[in-house]
Amino acid sequence: MAKAFKYGLKGIKGYLEPAERELLRSLFADVISMLEPAERANEDPLAALVGLDADAREPSDRALRRLLPNVMKNDDDASLEFRRYTERSLRESKIGALKAAALSLDREDLVLTPADARHWATALNDVRLVLAERLDIRDDADADNVHLMQDWSQAEDVESYLALVYNFTTWLQESLVQAMVHSLDARR
Amino acid sequence: MTLSVALGPDTRESTQTGTVTSTDVLTAPDIPWNLVIWNDPVNLMSYVSYVFRSYFGYSEAKANKLMMEVHKKGRSIVAHGSKEQVEQHAVAMHGYGLWATVEKATGGTGSGSGKGKGKRG
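Residue numbers (the working numbering), protein chains in the order written: chain V, -6 to 181; chain C, 76 to 196.
Among the hints, erroneous ones may be present.
As the list claims (entries may be wrong) - Listed next, the in silico SDA-like pairs over lysine to any residue satisfying Cα-Cα at most 25 angstroms (straight line):
1. K3/V <-> A22/V
2. K6/V <-> D178/V
3. K66/V <-> M120/C
4. K6/V <-> K66/V
5. K140/C <-> T181/C
6. K179/C <-> R77/V
7. K66/V <-> A136/C
8. K(-4)/V <-> R131/V
9. K66/V <-> E162/C
10. K148/C <-> R100/V
11. K92/V <-> Y78/V
12. K158/C <-> E85/V
13. K66/V <-> S134/C
14. K66/V <-> N109/C
15. K158/C <-> G44/V
16. K158/C <-> P52/V
What the hints assert, rightly or not - Examples of chain V residues toward chain C, derived with CB under 7 angstroms:
17. L2
18. E74
19. R81
In case anyone wonders, no lab produced these hints; they're calculated from the structure.
Small disclaimer: the values here were computed from a predicted structure and weren't measured.
Built from N, CA and C at the ideal position, the CB exists for glycine as well.
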């Protein structure tokens, strides 16, 4: 069984079973593959280098739209214009955090530096946002229903399995954030 | 937003005495854009508050107050600034996975609360 992240002298320490590490690796990899921009043949390399993407569009996938939201509520044109200048680097920074978190899963001891912890927090958050879209969590009541699902022996279909995975990543992120808050308080 | 599912009661030690950060001094007429954070049923309350503390440098008290406003009212204006400044904040918030938008300050009643059913823009 996984242990909650704790803040201590060496940093933020956690413990995960091999199967739990494997699960997280695959979740991180799934979100990375969602975020990786499609390769384009005739792309201007200089534009790519500075993070411009003239072909950026509001994603049609709900989960991706939640990860890469419009910057203005009621102005799609302005949001699209903004997206062309910023979305590529946003995708890259999210991918960077997910990859860094995945990499630290290869270490025997799960001891996180402050930078590791920040990567883990955003990586887990992005994983949860994607799972929540797949589970159709639209409001607090939906979230409460999913939280009721805690017993792995009851996982009999994809949805109940996803709910269990969602609850596991929620618990893990909550323990990590508590540890990060303690480290914030300790450094004051 | 959602609460912790398994960690039990709040264990934070509140030794904080609510300091005021420099952005408080700025008012809408001077700087006409707002950064808005919207509620959603996924982001953890602790995480949202942590992001407000660590990114904006807000006190624990202020971060919690803004977080609760997001949670209860559906949205909260968490920073003001020039268009460029709040856009930069919005990208940073998207990096953290918070649902942020920018809007022109209306100089008063910012209507249009998105409370409730997690509508996404």
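Hint-by-hint comparison with the structure:
Restraint check: the Cα-Cα separation between K3/V and A22/V comes to about 28 angstroms, which exceeds 25 angstroms; the hinted pair is violated. Of the supplied pair hints, the one linking K6/V and D178/V holds, its CA atoms being roughly 17 angstroms apart against a limit of 25 angstroms. With a C-alpha separation of about 23 angstroms, the suggested pair K66/V and M120/C falls inside the 25 angstroms cut-off, and the hint holds. Distance hint between K6/V and K66/V is unfulfilled; the C-alpha atoms sit about 40 angstroms from each other, more than 25 angstroms.
For the hint pairing K140/C with T181/C, the CA-to-CA distance comes to about 22 angstroms; that is within 25 angstroms, so the pair holds. Simply put, K179/C and R77/V have alpha-carbon atoms about 21 angstroms apart, close enough for the 25 angstroms limit, and the pair holds. Of the pairs offered as hints, the one joining K66/V and A136/C is violated, with about 28 angstroms between alpha carbons and a cut-off of 25 angstroms exceeded. Restraint check for K(-4)/V and R131/V: the C-alpha separation of about 29 angstroms exceeds 25 angstroms, so the hint is violated.
Annotation: proposed proximity of K66/V to E162/C holds, straight-line Cα distance about 13 angstroms (limit 25 angstroms). Between the alpha carbons of K148/C and R100/V the distance comes to roughly 43 angstroms, so the proposed pair goes past 25 angstroms and is violated. Taking the CA atoms of K92/V and Y78/V, the gap is about 23 angstroms. The hint holds against a cut of 25 angstroms. At most 25 angstroms may separate the alpha-carbon atoms for a hinted pair to count; K158/C and E85/V meet this at roughly 23 angstroms.
For a cut-off of 25 angstroms, the pair hint linking K66/V to S134/C is broken: about 28 angstroms separates their Cα positions. Restraint check: the Cα-Cα separation between K66/V and N109/C comes to about 12 angstroms, which is no more than 25 angstroms; the hinted pair holds. As the CA atoms of K158/C and G44/V are separated by approximately 20 angstroms, the hinted pair is consistent with the 25 angstroms bound. Our distance criterion of 25 angstroms between C-alpha atoms is met by K158/C and P52/V, whose separation comes to about 24 angstroms.
Given the 7 angstroms rule on beta carbons, the hint for L2/V is violated: about 18 angstroms separates it from the nearest Cβ of chain C. Taking 7 angstroms as the C-beta contact cut-off toward chain C, the hint placing E74/V at the interface is violated, the least distance being around 11 angstroms. A hinted interface residue such as R81/V counts as satisfied when its beta carbon comes closer than 7 angstroms to some beta carbon of chain C; here the least separation is about 11 angstroms, so the hint is violated.
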